[in-house]
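**Student:** Listed below are the residues making up each chain.
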Amino acid sequence: AQKITQTQPGMFVQEKEAVTLDCTYDTSDPSYGLFWYKQPSSGEMIFLIYQGSYDQQNATEGRYSLNFQKARKSANLVISASQLGDSAMYFCAMRESGSSNTGKLIFGQGTTLQVKP
Amino acid sequence: DAGITQSPRHKVTETGTPVTLRCHQTENHRYMYWYRQDPGHGLRLIHYSYGVKDTDKGEVSDGYSVSRSKTEDFLLTLESATSSQTSVYFCAISEAWGTGELFFGEGSRLTVL
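Chains A and B, in that order, are what the protein sequence lines are. Our numbering puts the first residue of the first sequence at 1, with every later residue one more than the last. Our numbering puts the first residue of the second sequence at 1, with every later residue one more than the last.
No wet-lab data here; the hints were simulated from the structure. Since the structure is predicted, the reported quantities are computational estimates derived from the model, not experimental observations. All residues carry an ideal CB built from backbone N, CA and C; glycine is no exception. Please note that a few of the clues may not be correct.
Chain B regions said to be covered by chain A (calculated; three or more residues, Cβ under 8 Å) [as the list claims (entries may be wrong)]:
{"#": "1", "stretch": "50–61"}
{"#": "2", "stretch": "104–113"}
Simulated DEER-style distance windows between Cβ atoms [claimed, not checked]:
{"#": "3", "chain 1": "B", "residue 1": "E14", "chain 2": "A", "residue 2": "Q56", "range": "54 to 60 Å"}
{"#": "4", "chain 1": "B", "residue 1": "G63", "chain 2": "A", "residue 2": "E61", "range": "34 to 40 Å"}
{"#": "5", "chain 1": "B", "residue 1": "K57", "chain 2": "A", "residue 2": "Q69", "range": "29 to 35 Å"}
{"#": "6", "chain 1": "B", "residue 1": "D73", "chain 2": "A", "residue 2": "E61", "range": "40 to 46 Å"}
With the hints as constraints, model all of the structure from the sequences given.
**Tutor:** Printed below as a string of C-alpha cells:
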C-alpha cells in the first residue's frame with residue numbers, strides 16, 4: 001500500500017541558512033507524482049513543488065528544490081536561504097498513476113519548520 | 001488563486017446533530033475532495049468526486065456522506081456528529097492534466113461538543 005512518511009515533527013533553522021525536510025514514500029507503482037505543500041499559521045494550503053517519477057532532473061521552484069532519490073524512495077524538500085516567512089508546516093504528498101482517474105493524493109504527517117532570526 | 005470557497009468556516013455543534021459543510025468552486029474542475037486535518041495525521045481523504053453524481057470513499061469515510069449534484073458544489077454531511085469528528089476540514093479541487101496538483105479551500109473548523 002502506498003505510504004508517505006515524514007519523520008521530523010519539528011525543525012529549526014537559522015535565517016538565511018538552507019534546510020532539508022525529509023520525506024520517504026512507499027509504492028509499487030512505477031509511475032507516480034510527489035508534491036510538497038506549505039501551511040502557514042493562517043491555515044491555507046499552498047502548493048510548492050512537483051516531481052514526477054520519470055522526471056530526469058530534480059524539480060526546482062525559486063528557493064525550493066526537491067532532492068529526488070528514486071532508489072531510496074525519498075523526496076526531500078530543500079529550502080535555500082531561509083526567510084522568517086518560511087516558518088510553517090510542510091506536507092509531502094504522493095499520487096500514484098493508478099489514481100490518475102481520481103487525482104487523489106495521500107499526505108505525510110507534516111513537519112513544522114521554525115526559522116530563527 | 002483557484003476559486004474555492006468553503007462554508008461555514010467555523011462551526012460549533014453538539015454531539016448527535018447533523019452538520020453539512022459546503023464546498024463551492026468557480027474553476028469548473030472535474031475532481032473535488034474532502035480531507036480532514038488532525039495533529040499527527042496530516043491530511044486524510046474522506047470522500048472524493050470525479051464528476052457530477054460520481055463519488056467514492058476515501059481513507060476515513062465512516063460517519064460521512066457526500067453529494068455532488070452539480071460541478072461547482074460538493075457537500076460533506078455528518079449525519080450525527082461525534083466528538084471524534086472535531087477537526088479542520090479542507091475541500092480541494094484538481095484537474096486531470098498537467099501535474100494535477102490539488103488546490104485547497106481555506107478550511108472549515110468544526111468543533112463537536
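**Student:** Now look at each hint and say whether the structure bears it out.
**Tutor:** Right, here's what the structure says about each hint:
1. A stretch counts as covered by a chain when three or more of its residues have a beta carbon under 8 Å from one of that chain; for the stretch 50–61 of chain B and chain A the count is 4, and the coverage holds.
2. Three residues within the 8 Å Cβ limit are the bar, and the stretch 104–113 of chain B against chain A gives 3, so the coverage statement holds.
3. Our hint of 54 to 60 Å for E14/B and Q56/A holds, since their Cβ atoms are close to 55 Å apart.
4. Under the hint 34 to 40 Å, the C-beta atoms of G63/B and E61/A, about 38 Å apart, fit the expected range.
5. Between K57/B and Q69/A the beta carbon distance is about 33 Å. The supplied range of 29 to 35 Å therefore holds.
6. Separated by about 32 Å at the C-beta atoms, D73/B and E61/A break the suggested range of 40 to 46 Å.
Taken one by one, the earlier hints fail for this structure only at number 6.
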